[in-house]
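Please construct the entire structure, taking both the sequences and the accompanying hints into account.
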Amino acid sequence: MELTFLLEQLVNGLVLGGYYLLLALGLSLIFSVGGVVNLAHGAFYALGAYLSLEIGRRLGWGAGVALSPVAVGVLGILFERFLLRRFYTADPILSLLVTFGLALLAEQAIRMLWGAAPLPSSMPPGFKGNVLVGDFMFSRYRLLLLALVLVLLAGVWLLLNKTAFGRVVRAGVQRPDMVAVLGIRLQPYMTAIVVLGVASAALAGALFGPITIVHPAMGTEVMTAAFVVVVIGGLGSFWGVVLAAVLVGVVRGATIFFLPAAAEASMYVLMFLVLLLRPRGLLGERIERFE
Amino acid sequence: MTKRSHEAGRRHALQAGAALGALLVVPGLRAQGEKIRIGHLTPLTGFLGALGEYAQQGIKMAAEEINASGGVMGRQLEVISEDSVNPQVAATKAQRMIERDNVAVLMGEINSASALTISQVAARNHKLFLSIGARSDALRGKDCNRYTFHVDIPVTVMVNTVGQALVRDHMVQGKKIFAITSDYLFGQDLSAKANKFFAANGATVIANELVPTDLTDFSPYMLKIRQAKPDVISTNLGGNQVTNFVKQYAEFGLPYPVVGFNLNTADAWAAGEGNLGGIWPTVWHHDLNTPGSKKFVADFTKKYGRIPENHAWIEYISLKLLAQAMNEAKSTDSDKLIAYFESEAQFDILKARKAYFRSWDHQLMQEAYPFTVKAKGQAKNDKDFLKFGDALPAPNQPLELLAPPKSENACKM
Chain D
1 MELTFLLEQL VNGLVLGGYY LLLALGLSLI FSVGGVVNLA HGAFYALGAY LSLEIGRRLG
61 WGAGVALSPV AVGVLGILFE RFLLRRFYTA DPILSLLVTF GLALLAEQAI RMLWGAAPLP
121 SSMPPGFKGN VLVGDFMFSR YRLLLLALVL VLLAGVWLLL NKTAFGRVVR AGVQRPDMVA
181 VLGIRLQPYM TAIVVLGVAS AALAGALFGP ITIVHPAMGT EVMTAAFVVV VIGGLGSFWG
241 VVLAAVLVGV VRGATIFFLP AAAEASMYVL MFLVLLLRPR GLLGERIERF E
Chain H
1 MTKRSHEAGR RHALQAGAAL GALLVVPGLR AQGEKIRIGH LTPLTGFLGA LGEYAQQGIK
61 MAAEEINASG GVMGRQLEVI SEDSVNPQVA ATKAQRMIER DNVAVLMGEI NSASALTISQ
121 VAARNHKLFL SIGARSDALR GKDCNRYTFH VDIPVTVMVN TVGQALVRDH MVQGKKIFAI
181 TSDYLFGQDL SAKANKFFAA NGATVIANEL VPTDLTDFSP YMLKIRQAKP DVISTNLGGN
241 QVTNFVKQYA EFGLPYPVVG FNLNTADAWA AGEGNLGGIW PTVWHHDLNT PGSKKFVADF
301 TKKYGRIPEN HAWIEYISLK LLAQAMNEAK STDSDKLIAY FESEAQFDIL KARKAYFRSW
361 DHQLMQEAYP FTVKAKGQAK NDKDFLKFGD ALPAPNQPLE LLAPPKSENA CKM
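Quick note, the sequences are listed as chains D and H, same order.
Okay, so the first sequence: first residue is 1 according to full-length UniProt numbering, each after it adds one.
Okay, so the second sequence: first residue is 1 according to full-length UniProt numbering, each after it adds one.
Treat the hints as calculated values from the structure; they're not laboratory data.
Computed from a predicted model, the values in this text were never measured in an experiment.
Some hints could be false.
Taking lysine-lysine and the BS3-like style, the derived pairs with C-alpha atoms no more than 30 Å apart in a straight line are [as the list claims (entries may be wrong)]: (1) D/Lys128 <-> H/Lys376; (2) H/Lys383 <-> H/Lys354; (3) H/Lys175 <-> D/Lys128; (4) H/Lys142 <-> H/Lys412; (5) H/Lys175 <-> H/Lys387; (6) H/Lys387 <-> D/Lys128.
In structure tokens, the structure reads:
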């Protein structure tokens with residue numbers, strides 16, 4: 001097989017990886033800092049897609065993509081303030097149940113507001129078409145997505161590693177009691193993390209809506225994949241999630257190509273193998289109770 | 001003492017509750033005994049879910065109209081509508097509807113694989129099953145049975161409807177075809193018939209990719225298609241997979257024409273204007289110019305606030321034709337209804353020509369239509385970009401022209 005063709009497949013895998021990364025990063029951040037497994041994460045993704053269409057219809061496509069994560073971020077503030085906050089110290093099973101219930105409610109609300117039929121969603125005609133470099137061909141829109149994901153990733157990394165905000169968040173993840181002793185309230189930081197997390201899920205919905213189908217169950221559909229990525233990467237690890245997203249994307253892309261029947265199973269097989277060799281995920285923190 | 005009185009109080013409450021319950025239930029039971037119950041199953045979730053919602057709305061509207069005009073033989077119809085989810089669940093629910101709900105007839109379905117399991121339950125229990133929206137040839141071929149009747153056009157009709165137009169447009173003879181197929185009963189059936197059509201008309205199928213039904217990302221296939229450099233891409237996809245495919249195809253901007261043998265209007269709408277091209281078949285479309293069809297579109301749009309798509313129409317006419325059969329046969333008994341349908345009685349299905357069930361394979365003979373996409377800028381709204389073609393077979397040709405002939409049909413009842 002030609003080299004360009006393999007390169008095309010690799011780029012395709014990276015784009016898929018970028019998609020998983022946008023979804024899983026927020027899930028991982030919220031878990032690392034708040035200790036809450038947010039099963040409603042997919043609902044924010046679906047909401048991002050729907051709101052971007054609604055806003056886009058009135059103000060143009062670009063405004064839809066830019067403003068829907070903001071709107072969902074505002075919802076994220078309410079979500080953290082009135083719901084999530086009650087569960088940081090409670091039994092994790094409670095937050096699981098509550099966020100799962102919220103996901104069901106959100107799906108039904110979307111169905112009532114916009115109907116069960118998928119909404120027509122499309123990118124502006126200018127973004128359609130391919131980029132051709134020599135013999136290498138790829139979708140123009142997907143290359144743009146890849147670039148956007150890289151920018152976002154760099155932004156989050158800088159935020160966490162080069163700012164005072166990031167230092168407090170990282171300290172909060174490691175030793176929340178010490179941060180409290182220093183007189184720093186972690187609560188506003190947690191709000192910011194939740195906003196960042198759900199807004200990135202909404203951005204994924206807005207950006208990937210035009211190339212998939214915008215329908216009420218889209219949030220539920222992506223949740224499993226997001227979880228698999230977080231588990232493969234290792235709980236609490238930033239680079240773990242990045243690595244796992246790319247790995248899942250490339251493996252999935254390759255299976256769709258070579259063995260389509262196994263496409264859905266591929267990421268679970270990958271998860272199985274990774275957990276077999278490294279029970280805490282690729283770059284996960286050591287889990288003391290078990291190891 | 002207090003404990004005792006507390007218990008006595010609870011006992012009283014229980015008795016009162018039971019009495020109240022009996023009061024509520026008994027008249028309810030009697031009223032239900034007079035109603036004719038219909039068990040209706042159709043997928044509301046998964047890749048066919050959007051179509052299932054139209055299906056439920058269509059049958060509900062028909063039931064309300066029938067009941068408002070006095071019901072069937074003076075009795076009201078009660079349609080019990082449930083999400084069939086998948087073939088296993090569909091069979092379980094069908095069995096339960098027969099045993100517990102005591103339904104007179106089973107109806108519904110879009111998923112061919114689910115229709116097959118329901119039809120087996122129906123045959124085992126000697127109940128009539130009106131299979132409404134499933135299109136696999138196998139259902140009316142080797143898997144046919146005496147208790148199942150088929151309303152939607154079968155795969156062969158869909159292939160022939162589009163095929164005629166493709167031959168006319170010189171897209172078959174001597175062409176290299178890249179086929180892409182949903183990997184389940186309907187998709188495989190469609191692909192077998194399509195490949196047979198291409199072979200018979202001088203085209204070469206250079207690839208036939210089988211796609212899992214839950215797959216939403218087609219980008220690896222775009223790269224495969226580009227490598228294969230076909231003359232025509234032929235899609236045998238089910239449900240919203242067609243939507244995904246054509247959207248992503250438009251996104252990658254490949255130059256080869258896409259045609260297809262299956263596309264429901266709701267899935268075409270979801271693709272959005274500018275993403276869809278090619279020639280497709282349909283069993284019905286809201287632009288159909290008959291008085292009955294126009295009234296149906298107006299009533300449906302008024303009731304639900306959206307234009308009906310083909311699965312809304314087909315569910316609507318299915319309940320209407322069942323009601324006609326019950327009235328004419330003066331019975332809800334499955335055997336009597338089968339005899340009525342097999343008499344090849346005519347039904348008004350809001351098309352130019354009346355329809356009838358072919359007695360030996362239980363297929364409803366009716367017109368089908370090809371559709372293409374309007375030129376850019378001609379659409380009046382976001383659901384108006386489909387260009388609806390003339391009915392096939394032509395008015396001077398027999399309705400059986402496009403359907404599989406008896407010699408090619410493995411059905412034995």
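Results of checking the hints against the structure:
1. D/Lys128 <-> H/Lys376: Satisfied, since the Cα-Cα distance of roughly 16 Å is no more than 30 Å.
2. H/Lys383 <-> H/Lys354: Holds - the C-alpha atoms of H/Lys354 and H/Lys383 are around 27 Å apart, at most 30 Å.
3. H/Lys175 <-> D/Lys128: Holds. H/Lys175 to D/Lys128 sits at ~27 Å (cutoff 30 Å).
4. H/Lys142 <-> H/Lys412: Given that 30 Å is the threshold and the Cα spacing comes to 7 Å, the pair holds.
5. H/Lys175 <-> H/Lys387: holds, 25 Å
6. H/Lys387 <-> D/Lys128: Distance of about 23 Å is within 30 Å: holds.
Hint compliance for this structure: no hint is broken.
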